[in-house]
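K.L.:
Sequence:
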Amino acid sequence: MASLPPSPGPPANYRILIALVWLVVQATLVITANRRTDGAFGFRMFNESSTVELSLHRELETEDGRRLRVRVDDGVWSARASDGTHHRLTWYDRVPMPYWVFDREMHASYGAATQLARLQAALDDLAAHVSPSDDLETRRFVLDVTVRRNGREPVVHHLVSPERTGLPAPAHAPAPHAPQGRGVP
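Numbering (our numbering), first residue to last: 1 to 185.
Just so you know, the hints here were simulated from the structure itself, not pulled from any lab data. Just so you know, nobody snuck in bad clues.
Simulated restraints, written as ranges between beta carbons of each label pair:
1. P168 - Q26: 49 to 57 angstroms
2. N150 - Q120: 19 to 27 angstroms
3. H157 - R36: 14 to 22 angstroms
4. G166 - M106: 28 to 36 angstroms
Since the model is a prediction, treat every value here as computed from it, not as a measurement. Don't be surprised by glycine CBs; every beta carbon is placed ideally from N, CA and C.
Taking the hints into account, I'd like the entire structure generated from these sequences.
P.N.:
Written as structure tokens, this is what we have:
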């Protein structure tokens, strides 16, 4: 019984084409690194030395329709639930604890712009996943981020979550009613 001869590999031209495509992709990633907030695939000879300090707030609606900002200490708050009881909720239910700590200056890993983008994503996730059955009061979340870029003066960025959906109408809002008119005879 004779064995089959080994099949020839792809022609050398394909290997060169694959290598060229790989090099072009790598060069594109390096050249466009500054367009991404995290600077992935970019080279920085000197790392950014920025810090951030976080302060979380809940925005509630008062009976007269005004918005009231309430500070959330250490990322933990208590809110009225749909069953009338108060539930204890925390930022850390959605965001792992070692990443961000409130009211303490921390190093901004990968730069301030990256941390601001990540914090906005975390804030949006928090607003989307806090159930209306657990918190009927919070209309949206606000995160004040104090950024110091390379030892310069601090700049405060106000990050705001989208309005939470599925909450009951505020107590001051009139109930919807049918249009008044004469009935058909």
